[in-house]
Amino acid sequence: MKLKSLPLLFPFPLMATLGVSGLVEAADEQTRISATVDAYYKSDNTALGGREDGLGLGHTELSVQHQIADLFSARLTAIAEVNDVENNGDIEEAYLETLSLPAGLSVRGGRFLADLGYLNGQHSHADNFVERPLVYRGFLGNHYFDDGLGVRAVLPTNIYWQLSAAAFTGDHLGNFESGPSVGAWTLATKVGDDIDESQSWQAGLSYLRNRMDLHAGHEEEHEEEEDHEHEEEHAGHSHGAAFSGEHMYIADAVWKWSPSGNNKSQQLSVSAEYFKVTDISPEAGAGDHDGWYTAAVYRFAPEWSVGVRYGELNARQEHEEGVFENADLRETTLMAAWNPTHTQTVRLQYTHQDAEGIEGEDNAVTLQYLISFGAHDAHSF
Amino acid sequence: MRTVSKLLGLVCVWLVAQPANALNIFACEPEWAALARALAPQADIYSATHVYQDPHYIEARPSLIARLRRADIAFCSGAALEEGWLPALQQRASNPAVREGAPGMFYAADVVSTIEKHQEALVGRGHVHAEGNPHLHLDPDRVQTIARHFSERLMQLDPEQAAQYRLTFQVWQKHWKQKRLQWKQQALALSGKSVVVQHSTFSYLLRWLKIKPVADLEPAPGVSPTLSHLDTLTQQLKAEKPMAIMHNWYQSDNSAHWLAKRVSVPVLALPSTVSEKDGISTLDQLFDHLIAELRSAQL
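Residue numbers (my numbering), protein chains in the order written: chain G, 1 to 381; chain V, 1 to 299.
Errors might be hidden in some of the hints.
[To be verified] Derived DSS-like pairs: lysine-lysine, alpha-carbon spacing no greater than 30 Å straight-line:
1. V:LYS117 / G:LYS264
2. V:LYS117 / V:LYS212
3. G:LYS264 / V:LYS212
4. G:LYS264 / V:LYS277
5. V:LYS210 / V:LYS193
6. V:LYS212 / V:LYS179
7. G:LYS264 / V:LYS261
In short, the hints are calculated from the structure, not lab data.
Whole structure, please, built from the sequences with the hints as guidance.
Below, the structure is given as structure tokens:
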């Protein structure tokens, strides 16, 4: 399998389709164009990624979806992030997905968000907090998308049961110097159902195998961390995971409650995820990274919601050749959000961090304004 | 790729194990489940939503994905009513029978015209679309057309039982036409009356009954009532008293009562669709109930 050629191959039919039919027949039911602008002000920089302080644009995206005959759907998502330190543009998604395979199967090829944990497959603008949990920032570089090929099956069972597998180039896992052509692969399963009219749940297990040359990457990272100016830059848009290992295991669960199932007016949602990253170094006694978070968000009126999240990240950092020390970070986040209309969100968030062995911990207040245009993006669970 | 082949094998076993019995129908809203039940009584029918839920805002819950995964036909309103959740279900259910454009994906709005078409504004317009008002099931004439088309779709997808579907539809239609005459008769007393609404849920019904909606509690469609807007309405309605203030069961009744107290008119809490546990399990029971409630307010 020559995965390296995929990113080159896939965008072309996609661009052609979007260029010809997408823009000309923008009103066509089969083409959906949406844009989300994410403007924010953050009072201070915090440790481990997240957003740069000051005024900026967060995850601002333009997304086009198109159905090609009955066979494929195509999606292209371009993102931009702008802040005092850097301006970033990237293609986050550019994939084709089959629509007509039997037995609940679908195959995706191109660049897409890996099916990992509860949040990774979801678009950031739907998040309940301004920044992703620590475990996502530390172990997945906010969210992991890459060029690859994935297969997914939904089984015809009474309760929802999905299995998926994907192979990626691994180029977006971090700043690794080299790796095999299949630099990463993933496996995931999700199950879920309703408990009654008011309650539903979903739980998942996922696994990421990182086959990149981890050791070279770590040394590079280590040098960067000694250089404080460099670290400041690193705090902005994440270019990959800060902490890596050969194997990553994720367990996630979410439970939602809304009276009579009318989630527009009231909803409580509680989610939790646990990450474990092993084989971080060939050195004996290196140990493992792990981390978890739990979040509760309560929408008490159609326009208002409040939320709290607590997360920990316990990493092992190599301070000198073969000597590993704990690097721990704890983060508590409080947020309140107001949706004046269903296309707009104003969110105020307070973040408190405690750290041991990780620099740059701070407290921050963030004000975020999100507005979306065009087709509604579907509200996923 | 050994995992994939194992997985394929597993799925095949499942498929073979599944009995090829009744048609599996996924209805986006209870009204279409009720109509499907009338036209295909043997089918296995599931409604994704119920009367206490706002069908614009449904989450693509795991249970719904599992249901759509097993469906032979999906019966939905269309006209963008489900656009916030059905595409996500279709994408995640990976069921080619109900993908966009497949014969198994039936939208009511594809076979009848809609009213209240607006130019789509980019921001602020709330849930109103260029496609028009999607609450089509509250017009007895449109329901009849939708039923005919849906019955034809059933015959196309399940040709072995085509004769049965045709007969069932003919019986249903005869009954419906009688009911329609009866409702027209009952509506005479309501003709020309005015009401205050909350959202455009009942627009088709009011048109059919010749009742005028003179005001909407929502300042803009899909936007919750605001105090300043209610204040303006109070002034307007004191001059010209409506018959009632209507709201539906999934909406909060606070605004309706607030306004009712100030202009002293009755509040009508009405179901926007069928609800078996409230004793309204068919569409004709729904129209019976709605017309009786409106007539009681008029007295």
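| message | Check the hint pairing LYS264 of chain G with LYS261 of chain V against an upper bound of 30 Å on the C-alpha distance. | response | Between LYS264 of chain G and LYS261 of chain V the Cα gap is close to 26 Å, so the pair holds against 30 Å.
| request: Quickly compare the C-alpha distance for LYS117 of chain V and LYS212 of chain V to 30 Å and report which way the hint goes. | output: holds (18 Å)
| request: Would you mind confirming whether the straight-line C-alpha gap from LYS212 of chain V to LYS179 of chain V stays at or under 30 Å? | output: holds (23 Å)
| field | Holds or violated: LYS210 of chain V to LYS193 of chain V, with C-alpha atoms at most 30 Å apart | value | Status holds; Cα separation ~8 Å.
| query | Is LYS264 of chain G within 30 Å of LYS212 of chain V, Cα to Cα? | reply | Between LYS264 of chain G and LYS212 of chain V the Cα gap is close to 28 Å, so the pair holds against 30 Å.
| Regarding the pair LYS264 of chain G and LYS277 of chain V, is the alpha-carbon distance no greater than 30 Å? | holds (22 Å)
| field | Proposed proximity, LYS264 of chain G with LYS117 of chain V (alpha carbon, max 30 Å) | value | holds (24 Å)
In this structure, every one of the numbered hints holds.
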